[in-house]
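S.K.: Residues per chain are reported as follows:
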Amino acid sequence: MAITVKVNQQLHTLDVPGDTPLLWVLRDVLGLKGTKYGCGIAMCGACTVHVNGQAVRSCITPVSSVEKAEITTIEGLAETEIHPVQQAWEEMDVPQCGYCQAGQIMTASALLAKTAQPTEAEINVAMSGNLCRCGTYPRIREAVHRAAELLSAKGGGL
Amino acid sequence: MNLTRRSFLKISAVAGGGFLLGLYESQVGVAQARGGFAAPPIEPRAFVKIAPDGKVTILAKNPEAGQGVKTMLPMLIAEELDVDWKDVKVELAEGEAKLYGFQFLGGSTSTPMNWDPLRRVGAAWRQMLVTAAADTWGVPASECETSAGRVHHAASGRTLGYGELVAKTASLTLPALDSVKLKDPARYTIIGASRSGVDNRAIVTGRPLFGIDVEPAGVLHAVVVKCPVFGGTVKTANTGEVEKLPGVWKVMVVAGTLTNDTVLPLNPGLEPGVAILAETWWQAQAARASLKVEWSLGPGVKQSSANFEQRANAALKQPFGQVVGAYGNVDAALDGATKVLEAVYSYPFLPHNTLEPQGSTASYKDGKLEIWSTTQDPAAVRRLTARVTGISGPDVTIHMVRAGGAFGRRYVNDTDVEAAWLSKQVGRPVKVTWSREDDMTHDSYRPAGTIGLKAGLDAQGRVVAWREHFVTFGDGKRTILNGGIELHDFPAGYVPAFQLGMSNSIPLSIRTGPLRAPGANGQAFVLQSFLDELAFAAGRDPLDLQLELLSRVPAAGFNFQPHNPFGSTDPERLRGVLETVAEMSDWRKRGKEQGRGMGIAAVFYHGSYFAEVAEVSVDAQSRITVRQIWAAGDMGSPVINPREAENQAFGGIIDGLSQMDQEITLANGVVQQENFDKQPLMRMSQTPKIEVRFCKTEFPPSGLGEPMLPPVIPAVTNAVFAATGRRIRTLPLRRSGFSFA
Chain X
1 MAITVKVNQQ LHTLDVPGDT PLLWVLRDVL GLKGTKYGCG IAMCGACTVH
51 VNGQAVRSCI TPVSSVEKAE ITTIEGLAET EIHPVQQAWE EMDVPQCGYC
101 QAGQIMTASA LLAKTAQPTE AEINVAMSGN LCRCGTYPRI REAVHRAAEL
151 LSAKGGGL
Chain H
1 MNLTRRSFLK ISAVAGGGFL LGLYESQVGV AQARGGFAAP PIEPRAFVKI
51 APDGKVTILA KNPEAGQGVK TMLPMLIAEE LDVDWKDVKV ELAEGEAKLY
101 GFQFLGGSTS TPMNWDPLRR VGAAWRQMLV TAAADTWGVP ASECETSAGR
151 VHHAASGRTL GYGELVAKTA SLTLPALDSV KLKDPARYTI IGASRSGVDN
201 RAIVTGRPLF GIDVEPAGVL HAVVVKCPVF GGTVKTANTG EVEKLPGVWK
251 VMVVAGTLTN DTVLPLNPGL EPGVAILAET WWQAQAARAS LKVEWSLGPG
301 VKQSSANFEQ RANAALKQPF GQVVGAYGNV DAALDGATKV LEAVYSYPFL
351 PHNTLEPQGS TASYKDGKLE IWSTTQDPAA VRRLTARVTG ISGPDVTIHM
401 VRAGGAFGRR YVNDTDVEAA WLSKQVGRPV KVTWSREDDM THDSYRPAGT
451 IGLKAGLDAQ GRVVAWREHF VTFGDGKRTI LNGGIELHDF PAGYVPAFQL
501 GMSNSIPLSI RTGPLRAPGA NGQAFVLQSF LDELAFAAGR DPLDLQLELL
551 SRVPAAGFNF QPHNPFGSTD PERLRGVLET VAEMSDWRKR GKEQGRGMGI
601 AAVFYHGSYF AEVAEVSVDA QSRITVRQIW AAGDMGSPVI NPREAENQAF
651 GGIIDGLSQM DQEITLANGV VQQENFDKQP LMRMSQTPKI EVRFCKTEFP
701 PSGLGEPMLP PVIPAVTNAV FAATGRRIRT LPLRRSGFSF A
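The listed protein sequences correspond, in order, to chains X and H. Take the first sequence: its letters are residues 1 to 158, numbered as in our numbering. Take the second sequence: its letters are residues 1 to 741, numbered as in our numbering.
The shape of chain H in the complex, shown without the other chains (with noise of 0.2 angstroms):
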């Protein structure tokens, strides 16, 4: 990897606005010693467990929540293990650092940081148990083979099965991993033919499964009720009343542990309110009506959306706050282009939505915690419930649940922490369920932001000057969480005279952390929506205006950095993946008809390349029906479980068009949005016909979680436009007047 870790350091510092840094900071050194991405598993041993009678179960180590891993990591394993996959039993890991290393779901990096590791945990095995049997033969390692669980010894026609020989793997050392060879990958069984998830039984008969369902003896169920204003805290509570209610066991104020900060961190810590315990959750649900709780408003009562976006147009008026990236003389270049182009774009905060409301179990006894969290980062709920229990080390066992849905929300772990506190308190399991209208009013928000751009067009209608102002929230100095802008977003490099700055001086009280594709999911709407207008602007097609930009040299002065999956657009990737759309959705060949036409888009977002193409029709009331969207990515190959990879392109897709009519609104710090009533997500007759197309190409495997959803909210407005000749430069739909049909 071509990368100083001091420049990746910078990079994920803009990027994540912290958040990426604490990913990769742990990381980062590892996988240079390495030269790759990946970091080893700290105990090979402990994924694979051989039973006598030769059923393997095979430990999933990242947190699974929808995006496929629980199958997809075993599936690595399996393969150079050489076992047949009917044989094998897959279980979540507990979270558990000392044996399984990183743990974690996020920035789609299970593929890329396990592809290599966990083959050669496989391999690192299948060779242990070769020995087993070459010692038990006394032959020669060399002329063993393996298949479908048995080694085989051709010369004396011998086998033993893996169970037979697992006994004697005990005194036997596991290879060093490094040492270990791999398969050729044109004899692989399990790696590149579709697998079904390994959950699909227990879900289709509702077995118990998620975190929700998770129900030690003895438990309590819980809510937690809150200010409406975040941060508020408790002045009075009728706590003895709601007490005597049928079932109510017990009704407590929670002082909370908040962090007193303006520019709030991803785990604030516990968040104060009233506690009600009960026999069943209904019972404690019930209660709410009951209670009546004087709050001490928060510090956000003051904030509401109308006066965020007065700030942010008066923010664009004045000079950047910094400068995030600057190269070349923008202002030379703005006066001798031939066109100039002004615009302000703008997209709002949005909720994660996890069909499965926050909540988590926990059971503190005798100075033991145990907790079952549908976490997506295990490593954080063993520091956080420490903080508030007091509990640390090998007296806490996490129990990784599968989770309905995380999307970024899942980091936050804030009723693991409610929990963990409650059941200390109580001294029983405690599960916390959080209703819908707690979840999208106390969620961990995706960012609004604000960005005025001005570009400059020569006579040729090439692109000769780029000037971006981003306004985000912070006090000036600190941005708040993911609520900064990618310095290496493409056109950056590309165009000639650059400058991309930044302001942070509205304040937020509410949290704000990652939701899927963070960054880009409001930016490539930005960006690729300006690039569509200065191609209109100049009369070109919006596809050759995005590849003759491609085909330029990296400006001097600009950091290139194309093999890093957080670092610049490999040119030639993205170009191939607009090409392949371009065929896939015959491009060239679109028609024009009022009321109907195609946008394009493409983005390079945590290592993989995504271009989409949007067929839409707008009726006179101005409603959209998206009719087809073609997707072609690249994340390298080969793609481990290609009907699963579809699925996650699929769902990218979809959630991305629910983001386009999606808002969370202040007023006077309250969140205005408390269900899907009042937040819409797609449904099965608004949804499109898709195609996903995956270019294989030479690059190993990178994630998928991400990068197909933000080239689909530009691709639609885009095509919007070749529609209707209205430009949407505001999300959502409802905000510049468009609907979805």
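One chain only, chain X, in its complex shape (with noise of 0.2 angstroms):
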């Protein structure tokens, strides 16, 4: 069965059964390999991308659910070279086996994009469904600040 799909601005028409969950046909299908796969069962957020710009766990997502939606993935998130959330996190140095860093982004970028300036409650509630098995919470923290100072002097626009 052909579905179509976009995917960082691309379109791709793929044969694969449509309760195929989007994080393998992203990683095994179309060979983006920086979403990752976690525990399958959306209580992680390693999978985390943006489907129409909210964050989604596309460890659960059936792939026939999300054609013709706009789909970003960590691979598509910077416009330029780097964006300014995964500047943060590097500015932090947020990493420490960088494994749910993709899908900590990506929430976060989300986020941001709607609620320039959160609130600590606001962040805990929005970074919460996301994983970090070393602990970078604090790092974390510090990111999602220092992101949206970055946003905010870029003239808010993501």
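It should be emphasised that the hints constitute simulated quantities derived from the structure, not laboratory data. Heads up, some of the hints might be wrong.
[Unchecked claim] What follows is a set of in silico ranges between Cβ atoms, one per label pair, in the way DEER data are often shown:
#1 H:399 x X:114: 37 to 43 angstroms
#2 X:114 x H:365: 49 to 55 angstroms
#3 H:188 x X:19: 22 to 28 angstroms
#4 X:64 x H:593: 52 to 58 angstroms
#5 X:64 x H:672: 55 to 61 angstroms
#6 X:64 x H:289: 36 to 42 angstroms
#7 X:14 x H:243: 19 to 25 angstroms
#8 X:60 x H:318: 47 to 53 angstroms
[Said to hold, decoys possible] Covered, in the sense of this in silico footprint (three residues per stretch, anywhere, with C-beta under 8 angstroms from a C-beta of chain H), are these stretches of chain X:
#9 4 to 15
#10 51 to 63
Backbone N, C-alpha and C fix where the C-beta goes; we use that ideal spot for every residue, glycine too.
Build the complex: two chains, separate frames, hints provided.
M.R.: The following block contains the structure:
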């Protein structure tokens, strides 16, 4: 069955069963390895991507449900060399093992697109679906604030 | 190092149940010969590559799984080499002991073992480049200086870049590492200045970097379905039917080579099961739904957690199975005590939960084997894959790949063995990726433990007697891996009469192994909680009770080894971190308020010292909010990469908090927790404010992978007691009627 998806501005026509999770289409069919597998049940957030700007768990998202939606992965987040959220992650030296960070960044960038200056409580609500086994949460919190600064310096546009 | 080989091995055997023994057997002779901890790298030239344009590539010799060594180890070389850090490119070395010596992630050893030799590698290279420049100019080497990747001759104003000199070094001999002069630390420009992780750009932009991202051309993806009861074998399986499913390339019964023993080694061999190989991982994983296997269940089918608890409580009523250490007359001291306290503590089996599940990629071709491994121990991958493939030595290449967390799980190398064996069977590259459920139910778990304690206080509230009965798993003679107990843990040596005994007769059929801060991650909770109980019973401040114990002269008959990283607590250093954390947290001014409290705990672990204070509040439903953690650490000086060191401290503390409400339980041999819905990790909203301070003492730098973890657990449980008057003696929290808010 042919399914068409639009990932990082590019259209792909795929021959996969419609119930295949988007995660495995991205990783094994399209070769986009940045989106990670962690639990397969939407408990860890390592697989987070944007679907029409919303942070979505790709591990439980059937590919048939996102036909023609705008899908953005970590590889497509930056319009230039690096997105301000990614830059903030680098500046704050957030990663330890780094495995969860693509998902963290996708969740944080979706938050900041809607809420330019999030409060601590808003950060907690948005980010608590993303597990970090290494415990980088204090740095993630710093980086979200730093990213908000970088984005506002850019005029708020993502 | 004031330490004999014999005593070292004895301690190690007790502490690690054989694990540390293997690690240090090979190192201790070298360490003694050099009067230190470190073993030199074998081939110093292999660590540095300089291109004609002056760009420098430095190899990181040890596996990277988030502990920061891929950045930190090259910093040591770069500092003494005198290059600009921005000109340095870092790569992980291949797993090849002949070139890089001992390559290992574990035991908080990367810093203490490499601090000296890797700086010498950099200095030897620098000296060789100076020689090349001096020869070129015909001036004495002593007149040449270096900075930022260049050699300068001040008298003549001449200068040459390392890239221009490197060709000439090919004919020079690298100076002996012992002969080179190291920099005055006052001149450091790289060590001690925070450097962000060398892989950060690749991580934040999602470039392929981890084990799970490796994909050689023509790769087949594999899952290996195993018996829910560890070690069970396949009677029948509908392999032919599953093979017809879309994308499925082959379905094979794996007979396995599992060790048949009642006490399992760390790497018990290839586990039996059914391998499904497909063009994509999802096709292999989805095909599991159609797989029907009749299992011959493993030997553990009669084992359940409830039985373990009964047997442990029964063992506590019996005499020690064996005495681990004793001095003084405990019976007499207890008889003479003004007050005697007794308590039983227990802690559960725990999983590792690396966020990247276990996996490996192998390619067998024409009698040669290539493996892309996230192992913590590449030499073990070499040894273990040789057993199932028959290929070894120069025919094996091990690429070390960044791991999405390790925490002790990646010593086991079971997926490397699976991938190598499967690739040889099918003649194509094979990538094995375990599902989360596979990972959580076939782990090498942190062993559970039960400890019965009895201690006496004199009229002044001083601890005068200590009896400790540790109940663990084994066959009565041998103890399961990492199921031992450390003879030297404080307050051993500081209490005038002391007995530590062990009973190890509960059989266990699942694998166990090291989890970050093995031993102490369970036992520090027990020891530091019981000291808090004693302080409360004596009407003393728990900080004062610990400081007073540390002021005592170590007891006669106790084998006191304060400068052995795996030996005894150095009282000065433990006191230092306790006093620092008390100051940071305003411990002495803490208030008394129902539902809110502070607790303190400290440990010496693998060469480093940490004291921590927790402040918690507990609501009417017994939900705990950890409000703040203060941590003071002493891992000598300098702190090589300060911001990353703080990252490790934050991470270890949060890891410890996560451990407090996790458990693995067995029912008829089957692990009951399969995924994160039943295995909570701390989340952003639950994470307290954490303040860390490093006490920079004059000792050489020691490790920071583990020692911050153990004290946070008793600091929190002691704080809960201060807040509620309820003592947590059983973990996870839920088994003591608490949870995290």
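S.K.: Cβ-Cβ distance between residue 64 of chain X and residue 672 of chain H: within 55 to 61 angstroms?
M.R.: Violated, since residue 64 of chain X and residue 672 of chain H (Cβ atoms, about 34 angstroms apart) do not stay within the stated range.
S.K.: Examine the stretch 51 to 63 of chain X: at least three residues should have C-beta closer than 8 angstroms to a C-beta of chain H.
M.R.: violated (count 0)
S.K.: Do three or more residues of the stretch 4 to 15 of chain X come closer than 8 angstroms to chain H, measuring C-beta to C-beta?
M.R.: violated (count 0)
S.K.: Please test the hint of 47 to 53 angstroms on the beta carbon pair from residue 60 of chain X and residue 318 of chain H.
M.R.: holds (51 angstroms)
S.K.: Evaluate the given range 22 to 28 angstroms for the C-beta pair formed by residue 188 of chain H and residue 19 of chain X.
M.R.: violated (57 angstroms)
S.K.: Do the Cβ positions of residue 399 of chain H and residue 114 of chain X conform to the proposed distance bound of 37 to 43 angstroms?
M.R.: Once the Cβ atoms are compared, 42 angstroms apart, the range 37 to 43 angstroms for residue 114 of chain X and residue 399 of chain H holds.
S.K.: Taking the Cβ atom of residue 14 of chain X and the Cβ atom of residue 243 of chain H, is their distance within the range 19 to 25 angstroms?
M.R.: holds (24 angstroms)
S.K.: Quick check on a hinted range of 36 to 42 angstroms for residue 64 of chain X and residue 289 of chain H, using CB atoms only.
M.R.: With a Cβ separation near 18 angstroms, residue 64 of chain X and residue 289 of chain H fall outside 36 to 42 angstroms, so the hint is violated.
S.K.: Given a hinted range of 49 to 55 angstroms, is it respected by the beta-carbon distance of residue 114 of chain X and residue 365 of chain H?
M.R.: holds (51 angstroms)
S.K.: For the pair residue 64 of chain X and residue 593 of chain H, does the Cβ-Cβ distance stay inside 52 to 58 angstroms?
M.R.: This hint holds: roughly 56 angstroms between Cβ atoms.
Of the hints listed earlier, those the structure fails to meet are numbers 3, 5, 6, 9, 10, in rising order.
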